[in-house]
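Q: Chain by chain, the residues run as shown.
Number of protein chains: 2
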Amino acid sequence: MAFSEIIDSLVRIAGRENVLTEDEDRRVYSYDATSQWKAMPDAVVFPANTGQVEGIVRLADAKGVPLTPRGGGTNVSGGSVPIRGGIALVMTKMNRILSVEPENLSARVEAGAVLMDLQGALAARKLIFPPDPQSFLGATLGGIIAENAGGPVCVKYGVTKQYILGIKAVIPAAGRAVEFGGVTVKNVVGYDLVSLITGSEGTLGVITEAVLRLMPLPAARKTLLALFDDLPKAGEAVGMVFDSGTVPAKIELLDNWVIRSINRTAGMKLPENAAAMLMFELDGRPEAVESDAAKVMRVCMAAGATGTTAAGNDAEALSWWRARSAGFAAVFSAAPTVLAEDVTVPRSRMPEFIRKVTGICKTMGLEVTVIGHAGDGNLHPSVLTDQKNAAHFEKAKIAVDRIVEAAIEFGGVLSGEHGIGLEKMKFMRRTQDPFFIEAMKQIKKTFDPRGIMNPGKIWED
Amino acid sequence: MAFSEIIDSLVRIAGRENVLTEDEDRRVYSYDATSQWKAMPDAVVFPANTGQVEGIVRLADAKGVPLTPRGGGTNVSGGSVPIRGGIALVMTKMNRILSVEPENLSARVEAGAVLMDLQGALAARKLIFPPDPQSFLGATLGGIIAENAGGPVCVKYGVTKQYILGIKAVIPAAGRAVEFGGVTVKNVVGYDLVSLITGSEGTLGVITEAVLRLMPLPAARKTLLALFDDLPKAGEAVGMVFDSGTVPAKIELLDNWVIRSINRTAGMKLPENAAAMLMFELDGRPEAVESDAAKVMRVCMAAGATGTTAAGNDAEALSWWRARSAGFAAVFSAAPTVLAEDVTVPRSRMPEFIRKVTGICKTMGLEVTVIGHAGDGNLHPSVLTDQKNAAHFEKAKIAVDRIVEAAIEFGGVLSGEHGIGLEKMKFMRRTQDPFFIEAMKQIKKTFDPRGIMNPGKIWED
Numbered sequence: 030m031a032f033s034e035i036i037d038s039l040v041r042i043a044g045r046e047n048v049l050t051e052d053e054d055r056r057v058y059s060y061d062a063t064s065q066w067k068a069m070p071d072a073v074v075f076p077a078n079t080g081q082v083e084g085i086v087r088l089a090d091a092k093g094v095p096l097t098p099r100g101g102g103t104n105v106s107g108g109s110v111p112i113r114g115g116i117a118l119v120m121t122k123m124n125r126i127l128s129v130e131p132e133n134l135s136a137r138v139e140a141g142a143v144l145m146d147l148q149g150a151l152a153a154r155k156l157i158f159p160p161d162p163q164s165f166l167g168a169t170l171g172g173i174i175a176e177n178a179g180g181p182v183c184v185k186y187g188v189t190k191q192y193i194l195g196i197k198a199v200i201p202a203a204g205r206a207v208e209f210g211g212v213t214v215k216n217v218v219g220y221d222l223v224s225l226i227t228g229s230e231g232t233l234g235v236i237t238e239a240v241l242r243l244m245p246l247p248a249a250r251k252t253l254l255a256l257f258d259d260l261p262k263a264g265e266a267v268g269m270v271f272d273s274g275t276v277p278a279k280i281e282l283l284d285n286w287v288i289r290s291i292n293r294t295a296g297m298k299l300p301e302n303a304a305a306m307l308m309f310e311l312d313g314r315p316e317a318v319e320s321d322a323a324k325v326m327r328v329c330m331a332a333g334a335t336g337t338t339a340a341g342n343d344a345e346a347l348s349w350w351r352a353r354s355a356g357f358a359a360v361f362s363a364a365p366t367v368l369a370e371d372v373t374v375p376r377s378r379m380p381e382f383i384r385k386v387t388g389i390c391k392t393m394g395l396e397v398t399v400i401g402h403a404g405d406g407n408l409h410p411s412v413l414t415d416q417k418n419a420a421h422f423e424k425a426k427i428a429v430d431r432i433v434e435a436a437i438e439f440g441g442v443l444s445g446e447h448g449i450g451l452e453k454m455k456f457m458r459r460t461q462d463p464f465f466i467e468a469m470k471q472i473k474k475t476f477d478p479r480g481i482m483n484p485g486k487i488w489e490d
Numbered sequence: 030m031a032f033s034e035i036i037d038s039l040v041r042i043a044g045r046e047n048v049l050t051e052d053e054d055r056r057v058y059s060y061d062a063t064s065q066w067k068a069m070p071d072a073v074v075f076p077a078n079t080g081q082v083e084g085i086v087r088l089a090d091a092k093g094v095p096l097t098p099r100g101g102g103t104n105v106s107g108g109s110v111p112i113r114g115g116i117a118l119v120m121t122k123m124n125r126i127l128s129v130e131p132e133n134l135s136a137r138v139e140a141g142a143v144l145m146d147l148q149g150a151l152a153a154r155k156l157i158f159p160p161d162p163q164s165f166l167g168a169t170l171g172g173i174i175a176e177n178a179g180g181p182v183c184v185k186y187g188v189t190k191q192y193i194l195g196i197k198a199v200i201p202a203a204g205r206a207v208e209f210g211g212v213t214v215k216n217v218v219g220y221d222l223v224s225l226i227t228g229s230e231g232t233l234g235v236i237t238e239a240v241l242r243l244m245p246l247p248a249a250r251k252t253l254l255a256l257f258d259d260l261p262k263a264g265e266a267v268g269m270v271f272d273s274g275t276v277p278a279k280i281e282l283l284d285n286w287v288i289r290s291i292n293r294t295a296g297m298k299l300p301e302n303a304a305a306m307l308m309f310e311l312d313g314r315p316e317a318v319e320s321d322a323a324k325v326m327r328v329c330m331a332a333g334a335t336g337t338t339a340a341g342n343d344a345e346a347l348s349w350w351r352a353r354s355a356g357f358a359a360v361f362s363a364a365p366t367v368l369a370e371d372v373t374v375p376r377s378r379m380p381e382f383i384r385k386v387t388g389i390c391k392t393m394g395l396e397v398t399v400i401g402h403a404g405d406g407n408l409h410p411s412v413l414t415d416q417k418n419a420a421h422f423e424k425a426k427i428a429v430d431r432i433v434e435a436a437i438e439f440g441g442v443l444s445g446e447h448g449i450g451l452e453k454m455k456f457m458r459r460t461q462d463p464f465f466i467e468a469m470k471q472i473k474k475t476f477d478p479r480g481i482m483n484p485g486k487i488w489e490d
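Those protein sequences? They're chains A and B, same order as listed. The numbering of the first sequence is the working numbering, which starts it at 30 and goes up by one. The numbering of the second sequence is the working numbering, which starts it at 30 and goes up by one.
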């Protein structure tokens, strides 16, 4: 069967206007937010409802055509890159917020709903969906679930998987949509396949709807900065804050490179010689937030901070968080190629790990920035290089290998919030138990016997 | 091979003193906390370490002998009853708390560690492991994980699966212990097999160690009571509390039967004619707890409560919670046989559901008490009957069927925190998607190809 017949079938299922086949159109869906991974899909399709997704999955399954689901394409692991070609299944037209139930603290959404749109709808009801990947402007809930996304706020609230009550997904083995889980927080009916699908990177089926667990919008929030003359010392301060019994909503670590970048781009007047800055957000009842904020500032000073300051009001806090986002974004364009890591180490080992990372890069003569979600040990050490300078790029890749190995050695993990995708696949065999990899392959066969769902991801064949 | 040879092998692995074969000894491990399920194991073994568990699993796998892991035996679904005989693997001698890491908010425990012992060790460090199944005096962490246990505090903190970072389990297919997950909250390395094993009721392998996610001990707690002249009205008050933006740590619902039982057993002076009582616990910073408590009392009065009262101090609060536990326990001995349900419905549908349950039982001339964790819609309607009175018992079982069907119809689930075990197995086929059941069977084969792990549970063969 020629691929043109596949395209004809896609057109019959989703309509002519929802199938793209031109080179320049397909190119748009050939990459994600990483800088290294690109692969062209043979066709791009935008389903309008679960029924159409069922038709597309059955078609791909019958014909053995790779099918790669995709939301906003904001992921940073190569996870949504259609590395084996075939069909890019773009969920962005299934973007409805189907219901919000304040009494049940839950919402039902279509997979293509964008996180920012959801937060807007929830804010009007004084609710939040806690996970906050920094791609929230474009990230869809389906992608957020498929990658089990994190974000700054996970320090206090945990990651995406802690907020998914139910999933509707089209499963190739079933040839149709299956509902997993339900709408209640307590649910112990058989194996937890909701958690299994969450974080499976589109390899088990196509998520079309989800039931989300919500929280009440905190009544108050407060943002603080603490400056340090030494990067690992900032890491130590994080441990001391937890030891003091306070759990901030966010603790972000910014290094000197980012501090200077923020001064330039956001017009802030942070000390240019500060080695590191911690940004805290505290949330909850106003009285508690005030006393927690005072405590965090005291603890930081005791930990050796050179100074602390609190945002005077919500507008100032928002401007600081925007500056922080711009600063992080600046890292990714600081060099022609940026190898941004996503390792996570136990919080208690973070200072040591930061020393190790800066040591590795210094020894190799490489520039590195160390930023990340310090509150949960999730760091994004980013090595600056240029893919076109083969020697330098090779050296940078070796440095990244060493950083990942160090994270594992320190009791950490390969990826905290970005996923394995294509980016971390090569580390799987040497860092993971062979049974774990074998079990994943078998589980995939149960859901997707012909291996059409996002093939070539997570493990090397 | 005679079973005596299996016993000889068990003795070689675990030592003579750790293998029980006498009738009266085996009988102790033939039941759990349900009243209907009993089955004798052929042998009982108490391993001392993961290495011994590996030996026992390999033996059972090689010989095709059923192996049922067991902690404190406090579970209420038949889950730890060795329904096919074989070996009862009792984990209570592997009860060490291996480490507590306050900076990382984590602890590593052996599977046989008892929850109360863990909480004692954590309290000294001002930490808690939030899940609080009411069997905490005897429940082991391995069992709590295997059943994905709940408890009153899950309203605010979520269930067990939200607090498990890593699991070491002996997997028959691997023939050895495998480490899943890690020690960090953020971890997106492949499929989430930690969550898959959590709640799998001992059917995939033997959990020998776990890494737990902890929280700081709340600085303050406050307990409140609100009385109602109508049971569903209490359910409505719960929804209104959430709507007000407050999330209490616990919201327990007690009906007239339990209120009177508490007056008798705990010497409290609650109004004997109150139809229902809600018990709230609020926790957090002292300032926030006080203002939240005042708000909850206001909301309850607005919802039609006949009165509210707050515990004057921690000692009084503790005595109230002990009375509540005694009241719940009294339900289970209120009749020769008590069919205690564990259904969960969306919070918003709880009042309607309570009306339905009392209606079903009234029509059938059956006595029922409705108690439960109202904050998360997890109710334990308990039908009083007598297994020896065949006609009455049949009628009671029909009522339970109707209660479960109503819960499903209201968007709820079969089991909120007790698990399927043997108790709910018969409901699986008619309430669950056939693909879900098939996928569980296939996943089990991946972990346990010969089907030795706790056979005869969750789904009917």
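If you're looking for bench data, these hints aren't it; they were derived computationally from the structure. What you are looking at is a predicted structure, and each value in this text was computed from that prediction instead of being measured. Worth double-checking, as some hints may not be accurate.
Said to hold, decoys possible - Derived lysine-lysine pairs resembling DSBU-like cross-links, with alpha carbons at most 35 Å apart:
| no. | chain 1 | residue 1 | chain 2 | residue 2 |
| --- | --- | --- | --- | --- |
| 1 | A | 473 | B | 473 |
| 2 | A | 470 | B | 155 |
| 3 | A | 473 | B | 92 |
| 4 | B | 155 | A | 324 |
| 5 | B | 298 | A | 92 |
| 6 | B | 155 | A | 262 |
| 7 | A | 474 | B | 474 |
| 8 | A | 470 | B | 473 |
| 9 | B | 324 | A | 324 |
| 10 | B | 92 | A | 474 |
What the hints assert, rightly or not - Which chain B residues stay away from chain A? Per the calculated CB distances, all over 10 Å, these:
| no. | residue |
| --- | --- |
| 11 | 57 |
| 12 | 66 |
| 13 | 149 |
| 14 | 211 |
| 15 | 214 |
| 16 | 224 |
| 17 | 296 |
| 18 | 351 |
| 19 | 361 |
| 20 | 431 |
| 21 | 453 |
| 22 | 464 |
| 23 | 485 |
As the list claims (entries may be wrong) - Listing some non-contacts, in silico: residues in chain A with all C-beta distances to chain B over 10 Å:
| no. | residue |
| --- | --- |
| 24 | 36 |
| 25 | 122 |
| 26 | 313 |
| 27 | 338 |
| 28 | 405 |
Glycine residues also receive a C-beta, built at the ideal position from the N, C-alpha and C atoms.
Q: So, for every hint listed, does it hold in this structure?
A: Each hint, compared with the structure:
1. A:473 x B:473: holds, 13 Å
2. A:470 x B:155: Measuring from Cα to Cα gives roughly 42 Å; hence the hint is violated.
3. A:473 x B:92: OK: residue 473 of chain A and residue 92 of chain B at ~29 Å, within 35 Å.
4. B:155 x A:324: Roughly 17 Å between the alpha carbons, so the hint for residue 155 of chain B and residue 324 of chain A holds.
5. B:298 x A:92: violated, 72 Å
6. B:155 x A:262: holds, 24 Å
7. A:474 x B:474: Distance of about 12 Å is within 35 Å: holds.
8. A:470 x B:473: holds, 14 Å
9. B:324 x A:324: Distance of about 26 Å is within 35 Å: holds.
10. B:92 x A:474: It holds: about 28 Å lies between the C-alpha atoms, which stays within 35 Å.
11. 57: Holds, because the least Cβ-Cβ distance between residue 57 of chain B and chain A comes to about 26 Å, which exceeds 10 Å.
12. 66: holds, 17 Å
13. 149: At about 18 Å from chain A, residue 149 of chain B clears the 10 Å cut-off, so the statement holds.
14. 211: The assertion about residue 211 of chain B is violated, with a minimum of 5 Å to chain A.
15. 214: Residue 214 of chain B is in fact no farther than 10 Å from some Cβ atom of chain A, at 5 Å.
16. 224: It is violated; residue 224 of chain B is separated from chain A by about 3 Å at its closest Cβ, not greater than 10 Å.
17. 296: It holds; residue 296 of chain B is separated from chain A by about 32 Å at its closest Cβ, greater than 10 Å.
18. 351: For residue 351 of chain B, whose nearest Cβ neighbour in chain A is about 23 Å away, the distance exceeds 10 Å, so it holds.
19. 361: holds, 19 Å
20. 431: holds, 18 Å
21. 453: violated, 8 Å
22. 464: It is violated; residue 464 of chain B is separated from chain A by about 4 Å at its closest Cβ, not greater than 10 Å.
23. 485: holds, 14 Å
24. 36: The assertion about residue 36 of chain A holds, with a minimum of 29 Å to chain B.
25. 122: For residue 122 of chain A, whose nearest Cβ neighbour in chain B is about 26 Å away, the distance exceeds 10 Å, so it holds.
26. 313: violated, 6 Å
27. 338: holds, 22 Å
28. 405: Residue 405 of chain A not clear of chain B: closest Cβ-Cβ about 5 Å, inside 10 Å.
Comparing the model with each numbered hint stated earlier shows that hints 2, 5, 14, 15, 16, 21, 22, 26 and 28 do not hold.
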